[in-house]
Amino acid sequence: MEFVKNFPFFSIMLCMFCAIICSVLNRHAAKHFTRIVLLIVMVLSGVLLINTYNSGESFVYYMGHFPAPWGNEIRGGCLEAVFALFVSTVAFLSVVAGGKAIEFDIEDKKENLFFILVCLMTSSLLAMCYTNDLFTGYVFIEINTISGCGLIMVRQLGKTTVTAVRYMVISLLGSGLFLIGVTLLYTLTGHLLMSNIQESVSELLQSGDYRMQLTIVIGLMTVGLAIKSGLFPFHLWIPDAYGQSNVVSSSLLSGTVSKGYIFLLIKIYMRTIGMEAIEKSGVLYVCFYLGIIAMVLGSVLALHERSFRRMIAFSSIAQIGYIFMGIGLGTKAAIAAAIFHIFAHGLTKSLLFISSSEFTEGSHSKSIDDLKGLGYKYRYSALCYSIGAFSIVGFPLLAGFISKLLLGGAALGHGPLQWIALLALAVSTILNAVYFLRTVVYLYIPTEHIDRDNEETVKVTNTNANGKTDKLLLLPGMHCPSYVIGISVLVLLNFLLGLCSGPVTDIINKGLEVFR
Amino acid sequence: MWNLVREHLNDIVAAALFVIGFGDLLFQKNMIKKIIGLNIMDTAIYLLLASQGYIEGRKAPIVVDGVKDVSAYINPIPSGLVLTGIVVSVSVTALLLSLTIRMYKKYHSLDLDYCLMMARREG
Chain H
1 MEFVKNFPFF
11 SIMLCMFCAI
21 ICSVLNRHAA
31 KHFTRIVLLI
41 VMVLSGVLLI
51 NTYNSGESFV
61 YYMGHFPAPW
71 GNEIRGGCLE
81 AVFALFVSTV
91 AFLSVVAGGK
101 AIEFDIEDKK
111 ENLFFILVCL
121 MTSSLLAMCY
131 TNDLFTGYVF
141 IEINTISGCG
151 LIMVRQLGKT
161 TVTAVRYMVI
171 SLLGSGLFLI
181 GVTLLYTLTG
191 HLLMSNIQES
201 VSELLQSGDY
211 RMQLTIVIGL
221 MTVGLAIKSG
231 LFPFHLWIPD
241 AYGQSNVVSS
251 SLLSGTVSKG
261 YIFLLIKIYM
271 RTIGMEAIEK
281 SGVLYVCFYL
291 GIIAMVLGSV
301 LALHERSFRR
311 MIAFSSIAQI
321 GYIFMGIGLG
331 TKAAIAAAIF
341 HIFAHGLTKS
351 LLFISSSEFT
361 EGSHSKSIDD
371 LKGLGYKYRY
381 SALCYSIGAF
391 SIVGFPLLAG
401 FISKLLLGGA
411 ALGHGPLQWI
421 ALLALAVSTI
431 LNAVYFLRTV
441 VYLYIPTEHI
451 DRDNEETVKV
461 TNTNANGKTD
471 KLLLLPGMHC
481 PSYVIGISVL
491 VLLNFLLGLC
501 SGPVTDIINK
511 GLEVFR
Chain A
517 MWNLVREHLN
527 DIVAAALFVI
537 GFGDLLFQKN
547 MIKKIIGLNI
557 MDTAIYLLLA
567 SQGYIEGRKA
577 PIVVDGVKDV
587 SAYINPIPSG
597 LVLTGIVVSV
607 SVTALLLSLT
617 IRMYKKYHSL
627 DLDYCLMMAR
637 REG
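In order, the protein sequence lines correspond to chains H and A. According to this note's numbering, the first sequence is numbered sequentially starting from 1. According to this note's numbering, the second sequence is numbered sequentially starting from 517.
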């Protein structure tokens, strides 16, 4: 266990050094190196998860063995480990599955720069997840913003530049608010370490001083992080940012980057300021209602959207709303459900974005109307996309179903709030079903363009549905082994989260117990 | 009233600067003005931080001749935070400026709304 405590530090540093080394590698070396490093980080996080789960405790790691006021601290526990595992898994699978898409969108000589950004993003997310120091959290938020901006920019078109500028401006507004929140909190408590701040805040609560100032601090931090994660009404940058960048960037941005900010927010709520003060400040109601509005509005906007990728991006707004609704309910069960939804949505969204790449590239069109019949041309992608769509709508057996079940269950017993939450869940699910199943139906509409040969192969693959992946490798398009393996693992993980949700919720609950 | 203002002059100025900078970053259309707003906003935070760490009549904690008592020095942590913050804001400003150059080369305008409109028209 003593040695395992080094793992958070190792994973952050490995990603950082990998980013530095990638700058001098050629594109193939950078690609393989990044994959290996992300895989190592996955293994490290997995080992850490097993260890912290078995011991049931969290630990504090002093950087450079300097204790608290002088050195910087890292804190590891069950929840941090499982979040790190999630981040590294999504990053690894996106990079593996999107290999062709990266080659397609980026100039050969600049491809290693993309991997620098991926490594920087992963390392900053891991640091945000593990850090025990609020100011370190801020610094890594900025690093994350910069790498996120780079990820949007990698596809060098005029519109991605404008989108990146807008993303940057909005993110900087958010981090400005967060920084002033940290500053004011420092002046109130005199600490930057999360555990020390919590002690001071509980003293402040008992004495009843600075109630107003504390509320302002909580509000500033919440708004800052909500802007960065794209909660309604700060969602305007999302559709362009996710809809126009490279698919791997979109999958990373929506699957992990926005989730990292939410994880930091949960960390601030539960570990830095403490739920007691948060509940008294009333900010949870704001989270709850904004989440509810985002759930419905995101779905309505997605329903009206004609561009395929932008539609998936709009659905992200709704899903962020689900997570904030869970946080807004404020109970332990609700926050556990919100964290489960972070995992479920991250895995599903990466699957959707990456499997959608083939349709948009294959049909040379972004419109939903041009999806018609593509399910017969790109069979495996269409199958995986459909599973992802079913998962996000909330079909049983899949991850999305469990997270909606958990959110609904957590909403019960909240008085009038429960009706609002359940109604919004129902409305949003129906809208989700309408716009996602519409694309699935479009994919499988038979069109007259399909020639006879194709139709025969369709019949053959329909009859023996099992061993067809081998055959599909030979299909034209962007199919390649790493793509098939990547999205297959994403599909598997979706099923795994749906079928074996027990252990995952168990890990989350156990992590939340020591998360204070 | 006047005493209160004088006591908290730094905080008031910092708050005013923050609001000005934030408004600039949010509402200005011109990218250069936006970036200036960003820097004003960051400066406001540094002013607030530095003034929190400052204690009247004390010096920066740099040992010149022999170790003095702790009471001779100001709180160095906020100054350290300001330095870190400056590094962050410089890098972010550099990135934004380079993005602006790229946007200007493409659309020949610094107006973000105009560029957004042109980008939408591209499809």
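There's no promise every hint is true.
[Said to hold, decoys possible] To give an idea of the chain H side of the interface with chain A (calculated C-beta under 10 angstroms), a few residues: (1) Met153; (2) Val162; (3) Gly208; (4) Gly274.
These aren't lab readings, by the way, just hints derived from the structure by calculation. Remember, it's a predicted structure, so these values are computed and weren't measured experimentally. C-beta: ideal position from N, C-alpha, C; glycine also.
We went through each hint and held it up to the structure:
no., hint, result
1, Met153, "8 angstroms, holds"
2, Val162, "4 angstroms, holds"
3, Gly208, "22 angstroms, violated"
4, Gly274, "23 angstroms, violated"
Hints 3 and 4 from the earlier list are contradicted by this structure; the remaining hints agree with it.
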